[in-house]
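Colleague: If you want the building blocks of each chain, they are given just below.
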Amino acid sequence: MAYPAAMKREMIALAGIEIELFEGGDGSPLLFLHGAQGFMPKQSYVGQLAQRRRLIAPSHPGFGASGLPLWLDSIDDIAHLYLELMDRKRLDRVDIVGCSLGGWLAAEIATKSPERIGKLALVGPVGVKIGPPDKLDIPDIFAMSQDKVARLIFHDPEKSRLDFADMSDEELTTIARNRETTALLTWEPWMHNPKLRRRLHRITAPTLFIRGASDGLVSQSYVDGYAKLIPNAKVTTIAAAGHAPQLEQPEEFTRVLFAFLEA
Amino acid sequence: MKAWHFSETAYPYLPPESDYESIRVSLPNRNYDPKKGAALYDRFIEEWQVAEAEGVNIMLNEHHQTATCVDPAAPLLLAALARVTKTARLLILGNPIANRRQPVRVAEEMAFVDVLSHGRIEAGFVRGVPYEISAGNSNPVRTNERFAEALDLIIKAWTSHDGPFSHEGRFFHHRQVNIWPRPYQSPHPPVWISTTTPSGAMRVGAQGFVQATFLTGYDGTRKVYDSYRRGWREAGRGQDVPIDRLAYAALVYVGESEAEARAGAEKIMWYIRANKVPQHFSFPPGYAPPQAFARILRGDVGDQHANFSAKATVDAVINAGLMMAGTPDQVYAQIRKLYNHVGGFGHLLIMGQAGFLEHDETVRSIRNFARHVFPRLKAEMPDNAISGFSVAPEKAAV
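Going line by line, the protein sequences match chains X and B. What the first sequence shows, in this note's numbering, is residues 3 to 265, in sequence order. What the second sequence shows, in this note's numbering, is residues 2 to 399, in sequence order.
No lab work stands behind these hints: they were computed from the structure. Here the structure is a predicted model, which is why all the values come from computation and not from measurement. A couple of the hints might just be wrong.
[As the list claims (entries may be wrong)] In silico negatives: residues of chain X with every beta carbon more than 12 Å from chain B:
(1) E22
(2) D78
(3) G120
(4) A145
(5) A167
(6) R181
(7) E182
(8) A261
[Said to hold, decoys possible] Result set (DSBU-like, lysine-lysine): computed pairs, CA atoms no more than 35 Å apart in a straight line:
(9) X:K91 <-> X:K236
(10) B:K157 <-> X:K137
(11) X:K150 <-> B:K224
(12) B:K37 <-> X:K161
[Claimed, not checked] Reference listing, derived: stretches of chain X covered by chain B, where coverage requires no fewer than 3 residues with Cβ under 8 Å from a Cβ of chain B:
(13) 98 to 110
(14) 235 to 243
For each residue, glycine too, the CB sits at the ideal point set by N, CA and C.
Please put together the full structure from these sequences, using the hints given.
Modeller: Following this line, the structure appears as structure tokens:
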């Protein structure tokens, strides 16, 4: 796989787990936490972020080339792992961008060590339960066809969906493994940690929720309710984008993000 | 050879297949009429009693949220059968312990029914088919690991008699395990495990439990049994693998005439045909290895149900070794052919009722099998044989 020239890949051991870590660019550090799709360094927003910041992007355990020990089964486990990553990389204070389940992960980290987080950007994040018990906040993506999932995720599924037919066996196996790890981490309780909403008040970092206007997984009311649980949080919307605005509107995404981070 | 009458207690009175997305998990239960369901249970239990009267043992299983097998709590039906039968062995195959949250409770249920039946229980355990994942809200990842830990804990609960022990494992925790009653059979009921893969069969062989495989046909079954035997030998259990360690499940219909058998066989095909399930329920993430899922993403697998149903004729499934159907002589020859091909097996699990096969039709086949096929199997395929033999092809083609 070819990476943008700026991004370097290494394997580092954290708590005995081999973690794939991408790093590149100059400037103040920005920790990027990917969503269920995994981190794909070829995607155009990656290069845009690395042009202005030192981008640090791990593949979570069980994603990409990172290991997955039997003991690990929660977003909370990974949050502790990345506090260790911040120690290792001497990141006393860092901005974090987290997408989808990476947003959940970023919020968990920020509740554990609020003083180490500069700014927090949560892109279509999951992680809390906002609505009533008899209605799923996040649709059950494992009980619907891949076509329907694509329609919920993307503003323009025809343009944005991955073309599996063109991929190598290795790439497809990575996608399948990413999906498996997503199930492991999010299955029950579905896409949330019931304790997280009781901890979010600890976050001190200015927080921006970014939601694609066509996101079929994370609704506007979910994001609004999530933001109310964090003391200094705002919500913004990106038009003509779904659950992954960094993919469907990379220019607008980086513009909104940097406007927040550099304000 | 031992034979077992197996019924999935299906509910066949469904709308046309085109009217629903899936026969499992999501089919609304407004399609289930409890009065019709009650009548079905009456007749299915009666069919098991007929099997017992004919010297055939009894087998049942468990599935959830599906019309194909309306037995979501098999230990309950097992308890009912324990009271309306007297002599038959009662095989539950099986308890889906990767999806059960309390293995100790499963140990209690099996011990209880073992006592209730005066020691007639054969306790089977299954990982559970993929469609059980959503119904059980069970994490599809690490089902093999949960299965293994649960089984160890159950056997320990059955065989510990000196007061409480504790278990603090990876998946299950229990501080005071001390089940009452303990099992009737000593040290515990025979354990059966179903797997359809060679890697799974290796593990079962190493443990020495009875290995059942379902509808794996000629070559698939041979591979599973070879793996079982390899696992058995490598674990130091000896060179000879007893034939009573191996079981095969097939659709069976025995008629007095070819025409009668063909009519029954066509009806019993419901078991194979009525299985419309979309891919998201058939292939939950983590149930199969990522490499297998990659092939699905690429589209190499396609709609298995549509592909299989289109090709599934009575002749095709007989030729594949999934079904034995015909006159007693024909059915004997079909069983013999498979038996020789796979190196023998000690248990024939007879899927003897499915779909719209009526009560009298089901009973006729049970009796035709028991009276005109089974005696030859018992005489020629003894329970004390050693599995894994080879038969020259010309002799195998009876």
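Colleague: Flag every earlier hint the structure violates by its number, smallest first.
Modeller: The structure conflicts with hints 4, 5, 6, 7, 10, 11, 12, 13, 14, although it agrees with all the remaining ones.
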